[in-house]
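K.L.:
The lines below spell out each chain.
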Amino acid sequence: MNRIHTLFKEKDSRVLSIYFTAGFPNLDDTVPIMEAIQAGGADIIEIGVPYSDPVADGPTIQDSNKIALDNGMSMKLLFEQLRGFRAKIHLPVVLMGYLNPIMQFGMEAFCQKCKEVGVDGLIVPDLPMQQYLEDYKAMFDQYGIVNTFLISPQTSEKRIREIDEKTDGFIYMVSSHAVTGAKTDISEEQVAYFERVAAMNLKNPRLIGFGISDAKTFTSASRFSNGAIIGSAFIKTIKDSENLSERIQTYLQSVVN
Amino acid sequence: MIGVDEKGFYGKFGGAYIPEMLYPNVEELKENYESILASKEFQDEFRGLLKDYVGRPTPLYFASRLSEKYRAKIYLKREDLCHTGAHKVNNTIGQIILAKKLGKKRIIAETGAGQHGVATATVCALMGMECTVYMGEIDIARQRPNVERMKILGATVVPAVSGSKTLKDATNEAMRAWINNPVDTHYIIGSVVGPHPYPEMVARFQSVISEEIKWQLKEKEGRENPDIVIACVGGGSNAAGAFYHYYNTPEVRLVAAEAAGLGVSSGKSAATTALGSPGILHGSKTILMQTEDGQVVEPHSISAGLDYPGIGPVHAHLFDVGRGEFVAVEDKDAMASGIELSKLEGIIPAIESAHALYALNMIEYSKDDVIVVNLSGRGDKDLETYIKWGNY
Ligand SMILES: Cc1ncc(COP(=O)(O)O)c(C=O)c1O
Chain A
1 MNRIHTLFKE KDSRVLSIYF TAGFPNLDDT VPIMEAIQAG GADIIEIGVP
51 YSDPVADGPT IQDSNKIALD NGMSMKLLFE QLRGFRAKIH LPVVLMGYLN
101 PIMQFGMEAF CQKCKEVGVD GLIVPDLPMQ QYLEDYKAMF DQYGIVNTFL
151 ISPQTSEKRI REIDEKTDGF IYMVSSHAVT GAKTDISEEQ VAYFERVAAM
201 NLKNPRLIGF GISDAKTFTS ASRFSNGAII GSAFIKTIKD SENLSERIQT
251 YLQSVVN
Chain B
1 MIGVDEKGFY GKFGGAYIPE MLYPNVEELK ENYESILASK EFQDEFRGLL
51 KDYVGRPTPL YFASRLSEKY RAKIYLKRED LCHTGAHKVN NTIGQIILAK
101 KLGKKRIIAE TGAGQHGVAT ATVCALMGME CTVYMGEIDI ARQRPNVERM
151 KILGATVVPA VSGSKTLKDA TNEAMRAWIN NPVDTHYIIG SVVGPHPYPE
201 MVARFQSVIS EEIKWQLKEK EGRENPDIVI ACVGGGSNAA GAFYHYYNTP
251 EVRLVAAEAA GLGVSSGKSA ATTALGSPGI LHGSKTILMQ TEDGQVVEPH
301 SISAGLDYPG IGPVHAHLFD VGRGEFVAVE DKDAMASGIE LSKLEGIIPA
351 IESAHALYAL NMIEYSKDDV IVVNLSGRGD KDLETYIKWG NY
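Top line first, the protein sequences correspond to chains A and B.
At position 106 of the first sequence (counting the first as 1) the number is 106 in our numbering, and the numbers step up by one without a gap.
At position 135 of the second sequence (counting the first as 1) the number is 135 in our numbering, and the numbers step up by one without a gap.
None of these hints come from the bench; they were simulated from the model.
Ideal placement from N, C-alpha and C gives every residue a C-beta, glycine not left out.
Please note that the accuracy of each hint is not assured.
[What the hints assert, rightly or not] Residues on chain A that point at chain B, a partial pick, calculated with CB under 8 Å:
no.: 1; residue: G72
no.: 2; residue: L133
no.: 3; residue: A138
no.: 4; residue: Q142
[As the list claims (entries may be wrong)] Straight-line Cα separation of at most 25 Å, BS3-like style, residue types lysine-lysine; simulated pairs:
no.: 5; chain 1: B; residue 1: K165; chain 2: A; residue 2: K66
no.: 6; chain 1: A; residue 1: K11; chain 2: A; residue 2: K76
no.: 7; chain 1: B; residue 1: K220; chain 2: B; residue 2: K332
no.: 8; chain 1: B; residue 1: K388; chain 2: A; residue 2: K236
no.: 9; chain 1: A; residue 1: K166; chain 2: A; residue 2: K115
no.: 10; chain 1: B; residue 1: K12; chain 2: A; residue 2: K137
no.: 11; chain 1: A; residue 1: K166; chain 2: B; residue 2: K30
no.: 12; chain 1: A; residue 1: K76; chain 2: A; residue 2: K88
no.: 13; chain 1: B; residue 1: K7; chain 2: A; residue 2: K166
no.: 14; chain 1: B; residue 1: K30; chain 2: A; residue 2: K158
no.: 15; chain 1: B; residue 1: K40; chain 2: B; residue 2: K51
no.: 16; chain 1: B; residue 1: K73; chain 2: B; residue 2: K30
no.: 17; chain 1: B; residue 1: K214; chain 2: B; residue 2: K104
no.: 18; chain 1: B; residue 1: K101; chain 2: B; residue 2: K40
no.: 19; chain 1: A; residue 1: K76; chain 2: A; residue 2: K137
no.: 20; chain 1: B; residue 1: K40; chain 2: B; residue 2: K165
no.: 21; chain 1: B; residue 1: K388; chain 2: B; residue 2: K165
no.: 22; chain 1: B; residue 1: K101; chain 2: B; residue 2: K12
no.: 23; chain 1: B; residue 1: K40; chain 2: B; residue 2: K12
no.: 24; chain 1: B; residue 1: K388; chain 2: B; residue 2: K73
no.: 25; chain 1: B; residue 1: K388; chain 2: A; residue 2: K239
no.: 26; chain 1: B; residue 1: K7; chain 2: A; residue 2: K137
no.: 27; chain 1: B; residue 1: K30; chain 2: B; residue 2: K7
no.: 28; chain 1: B; residue 1: K268; chain 2: A; residue 2: K66
no.: 29; chain 1: A; residue 1: K115; chain 2: A; residue 2: K158
no.: 30; chain 1: B; residue 1: K104; chain 2: A; residue 2: K158
no.: 31; chain 1: B; residue 1: K343; chain 2: B; residue 2: K268
no.: 32; chain 1: B; residue 1: K40; chain 2: B; residue 2: K30
no.: 33; chain 1: B; residue 1: K214; chain 2: A; residue 2: K158
no.: 34; chain 1: B; residue 1: K12; chain 2: B; residue 2: K51
no.: 35; chain 1: B; residue 1: K343; chain 2: B; residue 2: K332
no.: 36; chain 1: A; residue 1: K76; chain 2: A; residue 2: K115
no.: 37; chain 1: B; residue 1: K165; chain 2: B; residue 2: K100
[Claimed, not checked] Some chain A residues flagged as far from chain B (calculated, every beta-carbon gap over 10 Å):
no.: 38; residue: D28
no.: 39; residue: L69
no.: 40; residue: F85
One chain only, chain B, in its complex shape (with noise of 0.2 Å):
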């Protein structure tokens, strides 16, 4: 069985690993969050918010035009059409409630490229809550517009200018100020990283994919089954929320592709499970790249939003099991696929999810293969790179 156990662990991996100045806070969210979650009120403005919203449901679209090229059923399911352009909304919406209904007054959060940060800017400007969002200061640069979608919608941007100034720092100094600011604030972490309960409970948000998968797909094909469902993985969360309702299907094959950078042997890469080793990182036992010595590794990943040395435990523990299959897509491979779909299907993907698409490249099936690839977000916030990367 793929799933949390009561001390919030995945197999060897989870956990939290915290400062005794955090226990309180992440005790408070572990004693109340299910309970929350469990309750009609909470579902009820959720799941509204959901539909009204963001969107919701998204679509299952078969892409015909690819699927001729690749010889399978290709489906992508379109996280990309949620309001603010990513499946992140998913979680900030579920994280925003959870905050109201534990009577807290100010948020903050992390963001690598920015999309997470955009997504909590949203909840808290439809909630009239506070905002502080950490970014990295190399990552502010090279992710302006999003850092201006965040102050229009009223959020404060602090640069974290600590260590390596990306989305690794910009955690450390959102934990850091969750440490300062411990009994008004709460922190809604972005991806199913982080100390239990967060990699379950933003599993929890983001497995309204995989559910909506199910249904859509027993509509299109007679059947909630596909044969492989590919996800990108960055921290993981939209590949959690794609994967979850079939954790325990084994005949669905799970894959999950990973940032390659410039190569897995270049140096310049973030494909954690090929370089990584088990560790502690951001308050989970996890596989993170790091040195001999237990230093964090600074990763590379041509997409922000996969630029993360380590990835959640529940995916730590996929690999370790062999539930997963793990590819280490290269930036080049990425952008040639994003480029791609934009040309097949008029759709042009975040470059984070461009990866889950050139994974198509690198495993095996058959024609009638029914494959689901989760499209996480839309390629607007990444119109810089595709210009500068030209080749289209």
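Chain A with its partners taken away, still in its complex shape (with noise of 0.2 Å):
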């Protein structure tokens, strides 16, 4: 059974999905991650794949992505890294990452190295649902390979029920109608919003990301759903650190608890 599914089988509120670049700080930072991430007490471990244009993406990830590039990142690398973690890595591991990059990878390579390494599903933000199904569904299916979607506050009902009925891992919300690390507090509005779809009774999990920072929001959002994804904040919280492990388990201990 996929990590994803399992996770969720066995958790249902308060799930914390943390969003990191790989490549960031420093080029093989990523296992160091991962696994402080397991430790500090998150759920899914969220890896971005960078990209020189990260369109569904605010200033902080942005730069998280150039530095990863002049670091000298690259799928290719990523996997190489990737190869061997599930000896230390037991949580879901997600990558996020632009179509095109993918695209030029090769995607059933792509997701013959997913498969591989132990990644159990994906996040294609410019990948429409109307593609995914018509040329890549059987593939990922195929590789036993789950594929999350985004919802925003202007996403239709119906458009949501059809996302929900075609994806079997979680749904992503974004929390406001903003690009990543945009806003910072949750306002009536969202609220709105998140009882609109926790009222519709979805059978895919809703994780709540784009905005969330703290204990604070944490709380708020699991509220109204699953779970969370922290991203910009997390990538603020490692960009200058000296001891990164120490620092990303004392960040997420605080979060969590």
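Hey, can you piece these two chains together into the complex? The hints should help.
P.N.:
Below, the structure is given as structure tokens:
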């Protein structure tokens, strides 16, 4: 069974997913960061594959993408770094990457590699659902890779239901109509949106992403969903850290507890 | 048949590869643009403004001294005489009327050279709409007069400081701004790029160029079809406009001039079809310049309007099926052609358009051939580049 499915079977509230960019702050930090995230008490690890033009991301994650690329990160290198990580990491691992680098790598080769190293799921923000269904779903299924779609406050109920029907990992709720890192507080308008989606009784668990930064926002988001995703705030936390592992664990414990 | 299919593809290229957050905006546009464009009300307003405000039809001018030099019958389609100095305004007029009909209150746009930014700021002033233009920090520095023009027209110019700080990054910023303001804002894309339906919609607004060429050439030559149409390609909107009504007339050769910068293999070039490969850029599948890892490569061209690492999906398709002939023109040759046209015909062209003119040296034709060169813009904005270049 895919680790994502197992996780949500065992835990349906306050699920914490942490995003970081592979190759940031230093080229070889990938696996050490994953270990620290696991030790700090998070539930899902989301690894960003850096891209030159990350249109769905705000300034903090854009910067980390650029630094990672300047450091020499690439898809090939990332898969090399990930080889053997399952000896140390039992958490579900999701890769978040834009479509073009994946296409150049080759979608099938990519899925194969994901399976080989032990990646459980994908988030490809610029892969539209129709294209996924027509071109890639069979391949993802064949390799046992769970695909995740984003929804925003503007996504219609019809479309949310369609996404819920066609996927079986979790649904990534963008918490404001915003690119990552753009807002810091949960507004009344967002609460209305969270409640509206919660009332839809979707089959997939829901994680709220974009704008979650600390124990307070994590707890409020968790009231309306199965948990949340922290990205920009985590990147800021590790940006200038000397002792990455300790810093990550302290931060995560402050969020979880 | 060259044309867009119901899924938004031109052959293998096109589509709408966008984050879900943009889906409602793009869907709204897709669902509505055709019926709005088809309505009499829209057409009356669009045609009226093109005539009285933009100054259309633009002349199809027989360039006799240029013709003598190149030994062919060369006509210039004078888009340089459009209000604001380039073809870009054909599109912004169309899109702002559309935005109004969709009930939008704010306009955002990206710009490279500043021509599309000026054309957008202009129509926003005309319609009394709020306007924000995203422009790479580096382009802001090298296109100062256009930045000031936009400000005089009442627009806010926001520097794009991410990535390479040029047109590609300005486009990223505009997309992010649209994600953050999905309800009341319309994004006026400046070329035949972006997610479906933008490429086709922009091409339809620009298609007035070839619509006019047809009847103007009929008047002058007794025939609607030239032998060759030449246009420069940044994203490809002036070329799409000049080619549009000839896509499916195979006897008309379509020549697209890309920017080779310092030379195709110099590492400082924007010759997309020569150097690029299929991939995704700004929401569509197209040909783009990229590394083996799929990272977008920063292009170079002396003309900011051609300094873009991709081309619109329709041009990728024209290239793919061999319907278009693509040539790559170096900075130095474009500059020489710009100066040549100035001396021969008394017209200082935009450096973008000068790339199309140089293509006359790169293609084969015979002396009876009727050739239309789309003169997409005038050189006023490029005066500083001409001065720095010298050699005139
Ligand atoms: C005069 C002129 N020609 C051509 C272009 C290139 O754009 P496109 O390829 O969309 O026509 C520009 C862009 O700024 C321009 O200003």
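K.L.:
Against the earlier hints, flag every one the structure doesn't satisfy and list their numbers going up.
P.N.:
1, 2, 3, 4, 6, 7, 8, 16, 17, 20, 22, 23, 24, 25, 29, 31, 33, 34, 37, 39
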